[in-house]
Amino acid sequence: MSPKRVIETCLVKDLDIVAICDHNSAENVRAAIDVARETKLQVIPGMEISSAEEVHIIALMPDYEAVMSLQDMIYENLTPGENDESIFGEQIIVNELDEIEGYNKRLLISATLLPVSKVVNEIHSRGGLAIASHVDREVYSIIGQLGFIPENLPLDALEISSSTTLSQAKARFPDIKAYPLISSSDAHYLDDIGKSTSQFNVENPSLGELSKALKGVDGRSIVA
Amino acid sequence: MKLSEIIKKCNLHVVCGEDLEKKEVSGGYSGDLLSDVMANSKKGDIWITLQIHPNIVAVAMLKELAAIVIINKRMPEAETIKKAETEGLSILTCDMPAFELAGVLYTMGVRGKT
Numbered sequence: 001m002s003p004k005r006v007i008e009t010c011l012v013k014d015l016d017i018v019a020i021c022d023h024n025s026a027e028n029v030r031a032a033i034d035v036a037r038e039t040k041l042q043v044i045p046g047m048e049i050s051s052a053e054e055v056h057i058i059a060l061m062p063d064y065e066a067v068m069s070l071q072d073m074i075y076e077n078l079t080p081g082e083n084d085e086s087i088f089g090e091q092i093i094v095n096e097l098d099e100i101e102g103y104n105k106r107l108l109i110s111a112t113l114l115p116v117s118k119v120v121n122e123i124h125s126r127g128g129l130a131i132a133s134h135v136d137r138e139v140y141s142i143i144g145q146l147g148f149i150p151e152n153l154p155l156d157a158l159e160i161s162s163s164t165t166l167s168q169a170k171a172r173f174p175d176i177k178a179y180p181l182i183s184s185s186d187a188h189y190l191d192d193i194g195k196s197t198s199q200f201n202v203e204n205p206s207l208g209e210l211s212k213a214l215k216g217v218d219g220r221s222i223v224a
Numbered sequence: 001m002k003l004s005e006i007i008k009k010c011n012l013h014v015v016c017g018e019d020l021e022k023k024e025v026s027g028g029y030s031g032d033l034l035s036d037v038m039a040n041s042k043k044g045d046i047w048i049t050l051q052i053h054p055n056i057v058a059v060a061m062l063k064e065l066a067a068i069v070i071i072n073k074r075m076p077e078a079e080t081i082k083k084a085e086t087e088g089l090s091i092l093t094c095d096m097p098a099f100e101l102a103g104v105l106y107t108m109g110v111r112g113k114t
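Residue numbers (the numbering used here), protein chains in the order written: chain A, 1 to 224; chain B, 1 to 114.
One or more hints might be untrue.
[Unchecked claim] Mimicking BS3-like on lysine-lysine, the simulated pairs with C-alpha atoms at most 27 Å apart in a straight line are:
hint	chain 1	residue 1	chain 2	residue 2
1	B	Lys-43	B	Lys-22
2	A	Lys-4	A	Lys-170
3	B	Lys-63	A	Lys-170
4	A	Lys-40	A	Lys-215
5	A	Lys-177	B	Lys-63
6	A	Lys-118	B	Lys-73
7	A	Lys-118	B	Lys-82
[As the list claims (entries may be wrong)] Computed beta-carbon distance windows for the label pairs:
hint	chain 1	residue 1	chain 2	residue 2	range
8	A	Ile-100	B	Val-14	37 to 47 Å
9	A	Asp-84	B	Glu-85	49 to 59 Å
10	A	Asn-121	B	Lys-42	35 to 45 Å
11	B	Ser-26	A	Val-12	36 to 46 Å
12	B	Met-108	A	Thr-165	17 to 27 Å
[Claimed, not checked] Here's a subset of chain A near chain B, in silico, CB distances under 7 Å, partners left out:
hint	residue
13	Asp-34
14	Gly-144
15	Leu-146
16	Pro-150
17	Gly-216
Calculated from the structure, these hints are not laboratory results.
This one's a predicted model, so the numbers in the text were calculated from it and none came from an experiment.
Quick reminder that beta carbons are idealized off the backbone N, C-alpha and C, glycines included.
This is chain A alone, in the form it adopts within the complex (with noise of 0.2 Å):
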């Protein structure tokens, strides 16, 4: 997927915000900011990190200085090894042209060795919002790897998948109740945007609105 088809999807789908959530990197966050531009569409940077129990956790972060900080961070911590491109394809970075600019070869698809809760941490004091990936799926999902979500984890949202609708999900996993909840598309595919969405009542499409809207403070609200 590159930076300009992903921005151009977003568009023809009529989103207003898109996250871009690279496994355990942010290396294409400041193509697709660079493509945005001039459009009505905002890109929230992020990642979706991997904690050492496999957990998957979405960081929306305020801006691109935070994300990169964030990745550096997850860099010195992630799980040794080098990628195979002929198993898990090419990881490639790329400009805002869509012009390769280089290849990473870490082992991105694998998991760090923070916890979960220093992952959670390590979002909120940069400033981001964590939230528990895909919360209805068995694999990477927090309630699949630790049987249920731990008490005192200062998560700001859970995500649900696509594949499943939010009072499914209510009814199979009753303790998700207790947090907000939103649906994203996940996508990996062009195809995929725009799948799954969640709408807020916002005054701006900006971090600190959602944040306020996933809170339910100052008359903002999570709509659907």
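Based on these hints, arrange chain B on the given structure of chain A.
Same frame as chain A, now just chain B:
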């Protein structure tokens, strides 16, 4: 089989737990997806895992497992040990990988239940 006998024969290290010679092991289960362990382990099982998160204590208590063995020389998180001590749960560690440990336990007569 007594837990103390397993500890001795498998060369396990005791992180926490008391009265090990009184604890009875009636079977075994191996798994790192805690949702699966909650669904399929049985009361009295010795549980082999690489997970070190505090949630393993809650799962073991819920399922009334005999003990947890953490493999590959991994150490549980500090919070995990604290919770296990509060609950009186035995946590052991092992230098072997899960496959080897399960093999040794099997030859000793410990079986998984279906």
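Consistency of the hints with the structure:
no.	hint	verdict
1	Lys-43/B / Lys-22/B	holds, 16 Å
2	Lys-4/A / Lys-170/A	violated, 36 Å
3	Lys-63/B / Lys-170/A	holds, 24 Å
4	Lys-40/A / Lys-215/A	holds, 25 Å
5	Lys-177/A / Lys-63/B	holds, 24 Å
6	Lys-118/A / Lys-73/B	holds, 21 Å
7	Lys-118/A / Lys-82/B	holds, 18 Å
8	Ile-100/A / Val-14/B: 37 to 47 Å	violated, 54 Å
9	Asp-84/A / Glu-85/B: 49 to 59 Å	violated, 43 Å
10	Asn-121/A / Lys-42/B: 35 to 45 Å	holds, 36 Å
11	Ser-26/B / Val-12/A: 36 to 46 Å	violated, 60 Å
12	Met-108/B / Thr-165/A: 17 to 27 Å	violated, 48 Å
13	Asp-34	violated, 39 Å
14	Gly-144	holds, 5 Å
15	Leu-146	holds, 4 Å
16	Pro-150	holds, 6 Å
17	Gly-216	violated, 28 Å
Hint compliance for this structure: hints 2, 8, 9, 11, 12, 13, 17 are broken, all remaining hints hold.
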